[in-house]
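S.K.: Okay, so the sequence shown: first residue is 46 according to the numbering used here, each after it adds one.
Don't take every hint at face value.
Here are the computed distance ranges between Cβ atoms for each label pair [unchecked claim]:
| id | residue 1 | residue 2 | range |
| --- | --- | --- | --- |
| 1 | Asp141 | Trp190 | 28 to 38 Å |
| 2 | Asn124 | Ser162 | 20 to 30 Å |
| 3 | Tyr120 | Glu236 | 13 to 23 Å |
| 4 | Gln143 | Ala208 | 14 to 24 Å |
| 5 | Ile178 | Asn124 | 48 to 58 Å |
| 6 | Leu182 | Glu235 | 21 to 31 Å |
| 7 | Asp100 | Gly159 | 51 to 61 Å |
Calculated directly from the structure, the hints in this document are not laboratory data. A virtual CB, placed ideally from N, CA and C, is assigned to each residue, including glycine.
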Amino acid sequence: MPFLLFFLVLFFILPSFILLLFLLAVVLLPVWLATGSLSWAFVGPTPLIGLLRSDWTRRNHALLHGTISVLEERYGRLNVEGVALDDGFSLRGGLDRQEVFAAAQQALARLRRGETSLAFRGRCGAAVMMSAIPIGLIALVLLWWKSEVTLLGVSAAVALALALAYTAAPFLQRRLLSTDLGSMEVTGVEERVRRGRAVLFITGELFVRTRSSEGPLEAEVLLP
């Protein structure tokens, strides 16, 4: 009850505070509901920018989804999440290195054979987040423009934004991810510890390294 009273006081005294909470809710709630975790909201902008600008990030994100799909075929639904970059992708969730390496190799082979459904997942934090951000900003501007900063208006806007974000996410995935993996190959899996702003949420992970077989040779990460 004291927390509710405090919230109501802020609502009437500081409507801009409510707008900020609304924006956070629109961005964070869809990610949490889709993935069961908020870590995607704290990994920084690099993976999201990569999806927009880099073909290799889009390919690695497709392989990331495919690897999780293969693992879930074996073990059922897993509490696993990851981030794709230009040189590979990370996976978190207490996974075995050998299992991840084998799953990545299998996913790569199956995607090359045309099983593109492996690359698209309903629980993609990146797609949901990228859908929620513009929708939340548009709803925020409309609330401010109409001067309808009321509890009912904010609640309705959050619900509408959530529904639109979920609707847009699958379409966005299919526009962004690339299932044409070309000359990609999986070179190894290594353990990493991420540092920086996400350190409170990500303590350790497996990183699946990829490269183009037509590019210059690089040192491989060998599994024990």
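S.K.: So, for every hint listed, does it hold in this structure?
M.R.: Hint by hint, here is what the structure shows:
no.	hint	result
1	Asp141 <-> Trp190: 28 to 38 Å	violated (53 Å)
2	Asn124 <-> Ser162: 20 to 30 Å	holds (22 Å)
3	Tyr120 <-> Glu236: 13 to 23 Å	holds (20 Å)
4	Gln143 <-> Ala208: 14 to 24 Å	violated (41 Å)
5	Ile178 <-> Asn124: 48 to 58 Å	violated (24 Å)
6	Leu182 <-> Glu235: 21 to 31 Å	violated (38 Å)
7	Asp100 <-> Gly159: 51 to 61 Å	violated (19 Å)
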